[in-house]
Amino acid sequence: MQEAIARYVHDGNVVAIEGFTHAIPTAAGHEIIRQRRKDLTLVRMTADIVVDQMLAGGCISTLVSSFVGNSSAGSLGELRRRVERADPEPLEYQEYSHYGMICRYLAGAQRLPFYPLRSYFGSDLPRIQPGMRKVASPFPDEDGTYEEIYVVPPINPDVTIVHAQRADRSGNTQMWGLTGIQAEAVFAAKRAIVVVEEIVDDDVIRADPNRTVIPALAVDAVVECPGATHPSFSQGYSDRDNDFYRSWSGISADPVSLSAWMDEWIYGTTDHAEYLAKLGEATLARLRVGQALSGQVNYGTRLEAADSASDNTKDQQ
Amino acid sequence: MTSLAADIGISATELLTVVASRELAGRHTVFAGIGLPTLAVSLASLTAAPDLEIVYESGVCGAHPSHLPETIADAVLITGAEAVLSMPVLFGYVLQGGHIDVGFLGAAQIDRWGNLNSSVIGPWEKPKVRLPGSGGAVEVAANSKEVFVVMRRHDSRTFVEQLDFCTSPGPDRALAEGGRVRGAGVTKVITELGILTRSGVHDELKLTAVHEGISVDQVRENTGWDLKVSDDLRVTPQPTADELRLLRTEIDPRRVYLR
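Protein sequences, first through last, are from chains A and B. Taking this note's numbering, the leading residue of the first sequence gets 682, the next gets one more, and so forth. Taking this note's numbering, the leading residue of the second sequence gets 1171, the next gets one more, and so forth.
Hints are computed from structural coordinates only; laboratory data are not their basis. Cβ coordinates follow ideal geometry from the N, Cα and C atoms, glycine included. Check before you lean on any hint, since a few could be wrong.
[Unchecked claim] Derived contacts from chain A toward chain B, CB cut-off under 10 angstroms, selection only:
no.: 1; residue: 726
no.: 2; residue: 748
no.: 3; residue: 805
no.: 4; residue: 806
no.: 5; residue: 864
no.: 6; residue: 892
no.: 7; residue: 894
[Said to hold, decoys possible] Some chain B residues flagged as far from chain A (calculated, every beta-carbon gap over 12 angstroms):
no.: 8; residue: 1179
no.: 9; residue: 1182
no.: 10; residue: 1240
no.: 11; residue: 1331
no.: 12; residue: 1352
no.: 13; residue: 1367
no.: 14; residue: 1382
no.: 15; residue: 1386
no.: 16; residue: 1407
Turn these sequences into a full structure, and let the hints steer you where they fit.
Here is the structure:
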């Protein structure tokens, strides 16, 4: 993790960290804080606890998101101080909606100049968000008129960081449960870091290729970091730490207590393994999950001999 | 404030849940978040709307959770679910594709046309209170056939003549800007005092039901505009023993959301 962040995340970069409640790569956010990155534009649909922590770490100067909040468990103290009182300094905030952000990633992943969506007519959002603009469809409707529609610009982060359950050494990444916007965010980026619970043998990936949500060609670094999502969860590996979510409002409400938390848990740990050790066995045991294995599918194998298969190919040429 | 809830020993959440669940009769697909909407949908599927399916904003369709979920993305919603969709599929194909009958939304402010504010109190550039923002609410408002709103607080600070900021507009504001309208916008607002209803484009919210023990004047005093009252105003029937039993013993026995 230290190496991946040092190599791919630089001051002033546009950094996307995705994971919709599930599989949030919190440990990568912590490492960015430890390495004291500055002036990042952070792109994250649901700005949550890891964003509050990165704000407190002084890493973020611009935030692009469609939701700010500690899910349903309370408030983000640092974010609210920055937005409501410019305390300790102002934060540039770009507010979108969920589908607006999704469309921005879709445009970014496909290297399109914009992406249309049926939202925003009548909303005040376009007034404060210059990225929402109207264009006329080039194609007439049945009644001969040309529909106006809002479009949003692409996001092409310098680096996208996501979490998944497993990948092979070359970066073929398998994910299950809530897959959110992770694949689009990776394809939209110039560089992508995938953090996984475990790096597995090639055979494990190849036995179920449809589960590969992100292929190796889109991945620059694979980081094995078990438990990297705490306090969020990783389907099949660890559960969500709801107690931690509920406690965050209190921790972040006061800058002094937040700063003490940062000193103890982030600056006071050298890496995520130390952070987890500090959480302690009782907490980790509480977050452990049981098994619910997927069923199996039959991908099939060709029964005729391999030799005759190659003969067929020759005949067709 | 005295209320029906206190009088008959039930919580405001229980009352709002029961009222919301009854309003779901005849609907099929509901797009919702966690908390009160989850309870209402669960109760409705056992009572007024057996065919109801909840589509969660996290991408889960046809959830069969072993435990009551604590978030829209609780792991127990995934295990055993009928489908788990990515964000482009959920928002692009399911919601914008027109498959949702009822979207459930909350808001900090609502006006008489069912326009909603969930972004800020005060000016957007320098807000007094920064709220969570849209999330998917703009899309839910624009693309669901109708929208139900549950407002825990019914007072003149939440039911306002003029929104501080319009996050999620109803069809009238969309039309005024030249947009095309697909759904009816907010059709029902369920509060601690009663139910406000509007039929669709060009109609404003009217008081159509009050809970027992609540007067029309009380509702009007707590509404920031000159609230119209339906000619055939109803009194909400009390939660039945069966509805309360289902909620308390089957749906949320650990009282995660039942406050």
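For each hint, the structure was consulted:
no.	hint	result
1	726	8 angstroms, holds
2	748	4 angstroms, holds
3	805	4 angstroms, holds
4	806	7 angstroms, holds
5	864	7 angstroms, holds
6	892	12 angstroms, violated
7	894	8 angstroms, holds
8	1179	26 angstroms, holds
9	1182	17 angstroms, holds
10	1240	5 angstroms, violated
11	1331	16 angstroms, holds
12	1352	7 angstroms, violated
13	1367	21 angstroms, holds
14	1382	30 angstroms, holds
15	1386	30 angstroms, holds
16	1407	30 angstroms, holds
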